[in-house]
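Trainee: Between the sequences and the hints, there should be enough to build the whole structure, so can you do that?
In case you want the letters, here they are:
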Amino acid sequence: MEKPSLKETSFATNMNSSHKRETVCVFGTGDFGRSLGNKMFQCGYSVVFGSRNPGLSGLRPQGIEVLSYAEAAQRSDLIIIAIHREHYNFLTELAEKLQGKILVDISNNLKINQYPESNAEYLAELVPGAKIVKAFNTISAWALQSGTLDASRQVFVCGDDKESKQRVMDIARTLGFTPMDQGSLKAAREIENYPLQLFPMWKFPLYLSAALCIFYFVYCLLREVIYPYVHEGKDNTFFLAISIPNRIFPGLALNLLALVYLPGIIAAILQLYRGTKYSHFPNWLDHWMLCRKQLGLIALAFAFLHVMYTLVIPIRYYVRWRLSSRVINQIKTNNTDPFNTTNAWLSDCYVALGILGFFLFVLLGITSLPSVSNTVNWREFRFIQSKLGYLTLILCTTHTLVYGGKRFLSPSILRWHLPSVYVLSLIIPCTVLVLKFILVMPCFDQPLTRIRQGWERKSRVSKKAQLGNGNTEV
Amino acid sequence: MEKPSLKETSFATNMNSSHKRETVCVFGTGDFGRSLGNKMFQCGYSVVFGSRNPGLSGLRPQGIEVLSYAEAAQRSDLIIIAIHREHYNFLTELAEKLQGKILVDISNNLKINQYPESNAEYLAELVPGAKIVKAFNTISAWALQSGTLDASRQVFVCGDDKESKQRVMDIARTLGFTPMDQGSLKAAREIENYPLQLFPMWKFPLYLSAALCIFYFVYCLLREVIYPYVHEGKDNTFFLAISIPNRIFPGLALNLLALVYLPGIIAAILQLYRGTKYSHFPNWLDHWMLCRKQLGLIALAFAFLHVMYTLVIPIRYYVRWRLSSRVINQIKTNNTDPFNTTNAWLSDCYVALGILGFFLFVLLGITSLPSVSNTVNWREFRFIQSKLGYLTLILCTTHTLVYGGKRFLSPSILRWHLPSVYVLSLIIPCTVLVLKFILVMPCFDQPLTRIRQGWERKSRVSKKAQLGNGNTEV
Amino acid sequence: MEKPSLKETSFATNMNSSHKRETVCVFGTGDFGRSLGNKMFQCGYSVVFGSRNPGLSGLRPQGIEVLSYAEAAQRSDLIIIAIHREHYNFLTELAEKLQGKILVDISNNLKINQYPESNAEYLAELVPGAKIVKAFNTISAWALQSGTLDASRQVFVCGDDKESKQRVMDIARTLGFTPMDQGSLKAAREIENYPLQLFPMWKFPLYLSAALCIFYFVYCLLREVIYPYVHEGKDNTFFLAISIPNRIFPGLALNLLALVYLPGIIAAILQLYRGTKYSHFPNWLDHWMLCRKQLGLIALAFAFLHVMYTLVIPIRYYVRWRLSSRVINQIKTNNTDPFNTTNAWLSDCYVALGILGFFLFVLLGITSLPSVSNTVNWREFRFIQSKLGYLTLILCTTHTLVYGGKRFLSPSILRWHLPSVYVLSLIIPCTVLVLKFILVMPCFDQPLTRIRQGWERKSRVSKKAQLGNGNTEV
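Top to bottom, those sequences are chains A, P and E. Count along the first sequence starting at 1, add 1, and that's the number in this note's numbering. Count along the second sequence starting at 1, add 1, and that's the number in this note's numbering. Count along the third sequence starting at 1, add 1, and that's the number in this note's numbering.
Identical chains blur together in the list; that is why a pair holds if it fits in one copy or across any two.
Restricting the straight-line Cα-Cα distance to at most 30 angstroms, the calculated cross-link-like pairs of lysine-lysine (DSS-like) are:
(1) Lys112 <-> Lys437
(2) Lys388 <-> Lys112
(3) Lys333 <-> Lys407
(4) Lys294 <-> Lys204
Hints listed in this document are in silico derivations from the structure and should not be mistaken for laboratory results. Since the model is a prediction, treat every value here as computed from it, not as a measurement.
Mentor: In structure tokens, the structure reads:
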């Protein structure tokens with residue numbers, strides 16, 4: 002966090018340094034072009050701007066020249082095109098001068114898939130003799146100017162010419178970024194869409210939890226607010242603030258956690274059925290598998306809210322009033338409640354199970370932090386995410402079961418034939434646990450393990466390959 | 002975390018390996034020189050020490066030679082100067098032999114800005130024919146010896162000769178560090194100050210919160226302890242442990258959170274007023290902007306403490322005693338409090354708002370972890386820090402407003418004309434929210450957006466450049 | 002998190018790209034061989050498989066050839082051996098064709114130290130003319146296939162030939178991994194054991210806490226459940242769920258935290274006694290020092306559980322029943338408890354100290370996250386882990402002392418002559434704090450500081466070296 006000040010000063014002092022520098026040319030003196038040019042200048046590159054009005058551009062740093070496009074292009078074999086796609090066509094006139102040069106396309110669009118082809122491919126069509134590299138489009142002008150790189154440092158690079166790509170990746174590294182090779186220029190489309198995306202992997206998990214949330218909310222509203230109002234004339238609307246959320250959140254957390262493990266079970270069943278791991282899963286399953294981390298983190302968020310809503314219970318006016326009125330009643334009726342050991346057991350057990358479940362849940366969340374998961378090896382990662390994950394699911398499911406306790410399916414708990422929310426929320430986790438229990442039985446586990454090691458049922462070729470060459474990965 | 006053992010063994014076994022090695026020379030056999038030399042030896046370099054008393058130095062690893070300075074210098078073109086700055090002058094005698102060699106200055110000082118010029122620049126003056134590179138000064142001997150690199154792995158490198166710098170950066174990378182190019186040798190001064198700094202970016206936020214904390218503490222002491230003692234003779238001193246901190250902390254958290262967003266608003270107003278984003282902000286504003294993350298994290302710390310202090314309320318002896326004495330009073334006076342739905346609403350609402358605000362606050366804190374913020378793109382980062390941040394501020398401010406509830410400005414709550422602390426702590430957040438509300442109105446938002454895209458009011462040059470070249474960054 | 006989709010698409014589109022590619026040969030078409038081959042193909046390499054049955058292998062991606070081993074070997078000077086160690090012997094027949102080529106051993110074993118020599122060294126014996134590099138064994142086929150690299154991205158590389166190692170490290174980097182140079186081929190043994198390890202650094206801390214946990218559990222069982230049952234016939238078994246864990250956990254947390262700082266104190270005493278820091282510590286102390294982070298994190302986990310178990314106290318049926326029965330008793334006996342200011346002070350103080358201790362503990366935990374500890378310099382890291390750590394220990398110890406309060410050693414608290422658990426758990430932390438207090442006194446601190454800067458008592462050689470060359474590190 003201390004680097005900003007350090008860097009800014011060093012940039013400033015760097016300007017007069019005298020060692021021989023590589024020259025980079027930037028076409029366009031707009032905001033991003035200037036920021037990138039200045040940054041490269043500060044990092045030791047000699048920078049030349051190309052502009053339509055070279056005389057007019059009020060660039061501040063001394064030592065940076067602004068020339069016409071044609072002149073600037075002659076100074077360097079690497080030209081950064083900091084110009085909007087709509088103005089690219091003037092480059093056709095310069096095509097001859099750009100022959101064999103590396104053109105770096107840094108442009109972004111305003112919408113996802115705005116044009117039929119990516120900007121970089123369009124540039125390649127306009128200047129066929131140049132080597133096009135796509136890069137830097139995920140970096141913001143502000144990040145370049147302020148020197149603080151709190152957001153992503155990743156520069157996605159793609160291009161058909163390997164050496165040009167290497168040159169651009171070297172520049173990115175010198176500027177303090179992390180270049181990521183994304184392959185050929187065809188990848189430019191994806192790279193151009195990337196900065197326009199807003200949490201794409203979170204969309205499905207968020208929509209799913211929103212839908213579940215609304216369903217549970219309406220359900221609770223019926224049971225806890227409308228039913229008492231209709232049948233007993235009670236005004237329970239204030240339940241909307243805490244009581245009802247605290248029924249929705251644990252249900253959601255439990256269901257979403259179970260939905261993290263369900264796709265793995267479906268995949269295992271599919272693999273067992275197909276007898277191979279080399280056929281593709283259906284798309285929805287693939288997408289679901291890739292969203293598991295996000296689903297789990299949303300489940301953790303709801304579990305956290307559930308914990309907080311539970312811990313504030315004794316502070317609530319409603320709860321305090323109810324407790325004291327109960328004491329007053331006992332005295333008035335002179336009828337003291339005796340201590341009930343079973344109740345003490347049940348109450349303590351479901352609380353303890355909940356705490357342990359939440360503790361493991363938090364542990365899973367912490368190990369999913371990128372910097373933590375990078376320090377564990379593959380075996381450890383699987384141990385945490387699979388073994389500890391299922392233990393968490395078991396603890397949380399038992400927590401809910403014990404919470405239900407004696408009154409679980411007693412008909413007195415039904416209102417308009419609707420059971421409590423926690424009964425509903427047990428359906429998915431119990432299904433997942435039962436299926437998992439079946440799958441870990443040796444008769445299913447053994448063939449599955451072999452399939453996952455590359456073995457294929459009914460496939461002569463692969464069997465031979467397996468016998469002959471074997472693989473090294475367990 | 003498992004790497005230490007792995008590495009140490011591999012280092013040990015490495016000593017007998019026979020492949021051709023690059024030779025590095027280390028001047029000085031002090032603690033750091035030895036540690037660095039051994040580490041390079043373990044990582045496959047051939048190491049030669051230069052010493053004043055080559056015969057006497059009891060270096061353990063076999064295979065490392067200790068020679069006189071002059072002899073050692075001839076073995077390698079890269080010499081690490083592991084000597085205190087005060088003893089540099091002997092190098093002038095060797096100046097001829099050091100001609101054209103790379104000298105790596107790894108020295109630190111005892112105080113910030115101890116000498117007029119940096120040690121590396123001083124070395125460059127003494128040995129004008131050598132290529133000076135500053136590096137490794139942020140690494141500790143202990144970290145090199147133990148092989149555990151829990152502290153920073155960043156090696157800041159600067160120097161005027163690009164190739165020499167590259168050589169040193171390669172060595173740093175081989176030793177398992179992350180080299181950071183900091184530009185020309187002029188940056189050495191900053192790099193030498195760096196390991197002497199203790200959370201420089203945290204100083205202003207910490208002093209500010211300490212000052213606010215003391216102010217609120219004295220204020221609360223007056224209202225909650227001295228006033229009751231003077232007027233009612235009550236001994237409320239035990240409030241000092243929990244009750245008063247739990248009034249100070251939420252106030253601080255709310256104010257500091259608001260102060261995170263205030264500089265952004267001031268900057269926006271300045272930009273609107275000046276009509277350009279290219280003039281520099283005043284220094285205090287720049288510094289404030291750079292401290293926002295730290296301010297936010299301190300606010301989160303206070304919010305966390307507030308949550309903990311609130312959740313323990315029902316465990317406190319004082320609260321238990323008050324609740325039971327209230328029940329006993331109701332029975333004695335035979336005057337049962339009726340249930341008040343408005344109170345239930347207010348109590349549940351402010352608790353729920355507080356929980357949601359804290360939840361978002363924790364989310365903001367998690368996304369400010371470097372490894373998390375590195376995985377989001379710029380649009381996502383801004384979404385979290387700006388949208389979610391303001392939502393947090395709104396929730397926390399409303400939480401405080403609802404907490405005040407009916408008694409907000411009723412004169413009965415004033416003691417010595419002083420309102421409650423929460424009333425004071427609402428001033429800054431409400432101001433920020435009102436200003437932000439004004440700024441998001443289209444009449445201000447539209448010009449501001451254009452200015453931030455590089456547009457400049459009243460500037461012919463830039464306008465043309467904008468029209469002609471445009472920039473690619475939104 | 003959004004990268005998977007991005008990458009997969011770019012991989013797909015990459016296949017038709019036309020630029021000249023480096024050719025890599027893979028021996029073996031098993032699961033891992035195929036995954037690695039496909040991944041390299043997607044990242045721009047030209048890939049040739051060598052197989053015993055070249056005609057049969059049903060490889061999907063077009064553009065990848067499958068040849069016989071001999072033919073495939075001629076296509077590239079870099080061959081990845083994706084074959085089980087047991088089948089290596091066929092390579093002796095090809096020895097001539099593999100002369101001078103780089104062979105990359107990616108194999109793993111099923112058990113730690115399964116064979117007398119590492120697989121890579123065995124390969125080097127079989128094909129003496131080849132340059133053997135060990136790499137990629139820590140990567141899983143699944144990670145290669147799915148493109149999601151949530152687990153470790155580190156590829157440990159070792160080998161005797163520096164250039165070959167560099168080639169392999171370049172490939173690893175291109176595939177998106179982080180290559181880590183581990184030295185000569187002798188390190189292969191450790192690298193092969195690495196993916197078989199399951200949290201090796203956590204073993205000792207976990208066993209230690211399990212042993213302590215069992216001891217405390219039996220102790221509590223005796224005092225809290227069996228004693229009341231024998232002497233008063235009370236059934237307190239439900240204490241097993243919450244009450245007893247909430248006595249064990251804080252004791253464990255406090256003891257483990259103290260055990261984090263004990264080895265440092267022992268090391269300081271040893272260094273003072275020996276008068277040098279250059280002699281090795283005993284092995285048990287070395288191992289203990291390396292486990293401190295893990296010990297601290299386990300202590301934090303127990304502290305977290307203690308906090309949760311404490312916060313749910315007012316929700317427990319048992320506690321609610323006891324509180325209301327106490328109120329009922331007061332009314333029945335018409336004997337109201339007066340408010341006791343000392344009790345209020347003690348209760349509030351121990352709660353406040355506990356909260357502050359836990360807060361600092363969480364802070365220590367956060368700064369031990371790899372991505373956070375990488376951003377602080379060495380001085381800051383030591384400040385947090387040492388100063389803040391001791392402050393945490395002091396706060397938590399005081400918390401326990403105040404919790405004991407008046408009844409600390411009153412004989413009435415003894416049951417079967419056993420004091421409460423918290424008395425036991427204070428022994429280690431108090432010892433550590435007393436020893437630390439002695440060590441920071443100048444008469445011990447000054448020589449210790451000098452020793453840690455490299456000074457040696459009674460050693461003529463080092464003293465001279467120290468005087469002559471000095472070191473640069475404080």
